[in-house]
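Peer 1: With the hints as a guide, bring both chains together as one complex.
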Amino acid sequence: MRKKILLVSFSFCSLIGFAQVPEDALRMSWNTPGGTARNQAIGGVMGSLGGDITSNFINPAGIGIYRTSEVVISPGFNFLNNNGTFRGTKTSQNNSNAFFGTSGFVLGIPSNPRSRNKSSSAFSIAINRAADFNQKINYRGQNDFSSFSEAYASEIANSGLSLDDALNSNSISFPARMGLYTYLVDTLTTPGFGTEVVASPLRYAFEQDTAFLLNQDNYIESKGGITELAFSFAGSSKEKIFWGVSLGVPIMNYERASTLTESDATGNNTNYFKETYLRERFTSRGVGLNLKMGLIVRPVESIRLGAAIHTPTIYGMRETYDAELFADLENYNAPTTVNVGTLNEGFTPEYRYDLTSPWKFLVSGAYIFREVEDTRQQKGFISADLEYVTHSSSRFRDAELDGSGSNNYFNAVNNVIRDIYKGTLNMKIGGELKFNTIMARAGFAYYGNPYRDEALNGKRMFISGGLGYRNKGYFIDLAYVHRITNDVNFPYRLNDKANTFADLRGGGGNVVATLGFKF
Amino acid sequence: MNLKISSLLVVAAALTLGSCSSVYKSGQTPDDVYYSPGRTGAAYASGNDDNGSDYLATNQRRRYNDRVTDPNYADDQYMRMAIATGRRPMFFDDFAMMNPYYRNNWAFNSWMVWNSPWNSPWNSMYMWNSFYNPYWGIGNGWYGGGFGLGWSPGWGSGWGPGWGGGHWAGGGIINKPGYYTAPRPSRPRSGFTMGSYLNNNNNRNSYRVNNSYYGNYNNRNSYNDNRSFNNSNNRSMYNNNRSTNSGSFDRPTRSYSPSSSPAGGSRGSSGGGGGVSRPTRSGN
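Quick mapping for you: the protein sequence lines, in order, are chains A and B. The numbering used here applies: residue -15 is where the first sequence begins, and numbers increase by one. The numbering used here applies: residue 634 is where the second sequence begins, and numbers increase by one.
Bound conformation, chain B alone (with noise of 0.2 Å):
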């Protein structure tokens, strides 16, 4: 990634997240590797001071979504706010869908659990959805309800079917695409390193694994002894130390014995271009 683009996300994400404020602010910052508490029953402190105050079990969840702060804030609380609100049941159980421990979170439905203000109070659901705020809702049920089903649904069916289709679409574009690519002028089998690993041995559609050097390597160079290069030096030092294959290492056999007619026509490939000539030696 481009290093400029990369430092701004870096320091908008930065920053983004320090202009962020924690729900564990004034607590105990929980660790999910050793414990993940959610927002039941969590290390909650009662002083201000960093972790060192008494462990208190308080129910968190209750305290953070709850405007009025009351301890004793229950469940049902909600249910005659619904009612006073003259909220009725619509498409879901509206109780259930406030309160997630009323469905099983594995589920599919775990999705709707988000929009729950139970959940989270950063949660922007929480700011948003007033259909599951029980205090924005007062006065403005009609509103609220709404929003809440345009938004939850979507949330709930957009996800996952979403993205499954955006990644076969993916794959279309990665796998042999729809249209059709008009001939491209004749390339190499192998653009570059792989012919050295195989032998095509006079054969262009039979491509062969050569295996007979996989394992032979040379890399020491037999002059080495003085760093000296003096021009009499004979073949023979090339394999000083590959006496068993003498004569076959330093120069293999390479004939050049072109067939007659060479098989598939190596011009007639190259798309109709005609081909290129070496162009003339001009040295001795």
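The shape of chain A in the complex, shown without the other chains (with noise of 0.2 Å):
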């Protein structure tokens, strides 16, 4: 009896479950310029300079510059364009989206005139839209050498279970245990090779010792984004030295659809493989917390100098999975669709789990054509930012009341992290020419590549413009960012056979327009 219960307990503690995939950490550390229309158009270089609302979110001592208050809001579009070139096809795919950028207010403290440490200070609450995951995503291409089915067959083989207790483990993944349902993975025995479990698309090929041929497609769309909210305190002292703490609160918020098809392509009807589609929904939600402390030093007049420190930010993260799988295998199975609900007693599952995002370390110069305070003389500055993210660092932690024994499964997830991301040197510069009232601007960024296998290309760049106008207490800016940016997506992994990827080329950009009052 004891046994017993010994043994019904130890089955609870493995009722955990899991959908974290590195790509998840990527995702929320990936972040790309946001800013004001004045910081995008600079390449969001905004190190050192300071004065503009965006410093919340780079460096704080930025805001210790302020002696005057202001209050901005930034409105912005995206318009994007996504081109997967997946096995030699290329296919393209558009959207846009509104988002509301960098908005909020500073108040700044001014010195007493009649100190002799013209000490300032200032205080800002600002949110921005610290990313963007509007996007689709679509690519297609024949593939003579391997089904994503594949994925479940080896899943299934590895874990030594027969088809039906794998069916109900919950060791196996739910794409698996849909794909035994339907049949799209089953066993098949030949000579030379034995018991083999197998991916149905690829049975009558091994059956028949030929090739196979499929056609592949897989369309994502994902919405949501990262909207941090900024809570800042700054100062100054005898002008020479600014500093600033923020206090971030990310508040994350993401839904991915997908749909990957994978279809005959040899016109054989009796093959055992017509066609097969998964669709996923995946939802994750979270909030988090983190601290960004800043310095700004200006040795002589017109230099600035800037440093800064993002800690990582640590999420609490709830996530959804829910997906559903069709497959018609022609003469070896009638059409069937099952989905995870069917599989998991009408429940769709739900993950939690803390996240911690990486580190961030920031240096940055200035030079200001005639630093003085009256806007006439006021030339115009050029700057440079130089970042470090350390995206090998992010880790996932286990956040279930009944966690007990998911160590194992954080730790692998972990390890996996640091050893297919690493650090990236990120890269801005931008400048402004002042005409009095009127401003143009230009600017360009640069950032690494996350992966650390250079086959996967990750780099992005950022080419950004744009103008202002400063009047009658009130500033007008606007700046279109152009990207470039470059990525890969695995429709599928497989641990014991080479994966294929399709890469993936951003164009289009975004217009951002930022509407400030001073007082």
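Think of the hints as simulated: they come from the structure by calculation, not from any bench. Backbone N, C-alpha and C define an ideal beta-carbon position, used for all residues, glycine too. Be careful, since some hints might not be right.
[Said to hold, decoys possible] Sample of chain A residues at the chain B side, in silico, Cβ under 7 Å:
#	residue
1	S146
2	Y165
3	N315
4	E357
5	Q361
6	R379
7	K502
Peer 2: Shown next, in the form of structure tokens:
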């Protein structure tokens, strides 16, 4: 009896589920330029300049430069396109969305003119679109090398479980179990290979010792973003040293719907496979907390040097996963559909975990042409930022109440993150020319590749320009940021066979307007 | 964010901003990136033409706070005013609070500075807080005093700890919730693709990172030459460009060898639901 109780409690301990993959961590930390129109136009440079509300999110010491007050709003619009190249075939997909960019207020508290110290302080509350997940990706191509159902066959073969046990096992992923249910994965006995777990799209080829050819199509639509709320306090001393601290509260919301389709491209109606698709819907929500600290010094007039550290954000995350698998196996089985609910007693699985995002270190320099009070004499500035993001230091941690025994899994995922990602060096440069009330700006930003494997290209470039007008207590800025981004997307991963992936090239850009009011 | 909500927000905010009257309406608008003048010695134009007039170092701070618009308005007038209205220092040093320059701006008490009419004429404190406005204080010293004290410490002490507390409360929701959740049905350790990164060979509690296929990619079809598929193609075509690994790449070993007693009892872990069975296959 006691043994039975022990066994039961042991199985309860294993009622843990995870959906976390390394891509979830990268998505959270792979932030690209975001800020006011002025900041975006100059390539996102704000490590040493200061005097813009974007400082809240880059170097809070820049808020310390303020001795006046302002309130700003920044609406924006994205129009993006993604070109996917998959096994030699190119596919394009466009999408657009509006967003609410950097907005908030800064209260500058001026120094006492009589004080020798000339200190000042400033306070700011602002929100920022730290990441935008709105995009549509589509790629398709023909594949004579692998099928996505092979991932399931491999998973089940490795588990050492019988097919019936695997169908109900919590150590097997839902898609693999759905593959079993629909006979997309089954056993096959052939001379020389014995009994194997095989993917039905390859069944005929294995049986007849011939080739196979599949049409594959992956469509991914994602929504959401990270909106970060910042509370900053900053100050200055003797107009030489500026410091700032910012408490960041990123609120994350992500939804992804994808359809991975595979169909037979051979024209053979009796080769056990016609079509299969996997529809997945994944949502992820979370709130985090981070701290940003920075310093700006003015060793001599016109020159500013800045440095900032962003601590990792600790997110509390909650995810749901739902999926449906359809398989038409021609002469092998009648068309069958199954969803996660069928295998999970009608429940949509939910997962809770904590995610620690990477560190960010930033150094910057700026040269101001005519750092004077009279706005008619201000001529412009040029500035450059260098930042280092430790992408490989993202960590998952279990946050389930019944989360005993889950560390092995999370440690393994964390090890994979360490193995496949690396720290990136991001560079930004930008400048402004000022003609009294009118300003013209240009900038460039380069974001390094977070993938350790050089075959995977994840470099991103942003070219930007903009105009500004500042008069009568108001300012209006406009910016256009053109993006040239690279990424890869694996429709599925095989751990016992070479993988295939799509190269994604992103184009398009975004326009941002900032309206500000000085008081 | 919902498009409609964000556009509404933007329009509302733009209207609010547009309806504000800036201190800098008739002068130069400071550009903080270059130089942040504060309220003292601000560039101030004497004429009405945009930034085109002569540069005058006027004490704008006083100008905007002083309804008398007396350029010689001096701090000691506050003192005289306070004495005249019979106000007495209360919990704080009355005078020091009114004049932020008597305090260290860096310190916590710099919040108090916000409440000072010196800081910003737009600041609602100016309108609200009669205590700190000598003119509103006239003839109504008692009322003003009470209001002022009520509001000011609220800002001073309320912001910091109030926010801090809020975050930690949020943290409670985020992280392990303090309530019991009923056991949910069996869920896989890997909801989806993670299983393919790892190799959980026969052992449900030991996940091993499978490195052997990192960096091995096959992104080209071997049939690509003529874009036609012939059923007589044989398997050797799979690996034209991977001859060194031929035979292991196209058909890795996925032997079906279930152990007699599966570890952990997979069915048992399904939360008592009894599990699902495969429907009977209908094909041949």
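Peer 1: Take the hints in turn and mark each one as holding or not.
Peer 2: We went through each hint and held it up to the structure:
no.	hint	in the structure
1	S146	holds (4 Å)
2	Y165	holds (6 Å)
3	N315	holds (5 Å)
4	E357	holds (5 Å)
5	Q361	violated (9 Å)
6	R379	violated (14 Å)
7	K502	holds (5 Å)
The structure fails to meet hints 5 and 6 from the earlier list, while all remaining hints are met.
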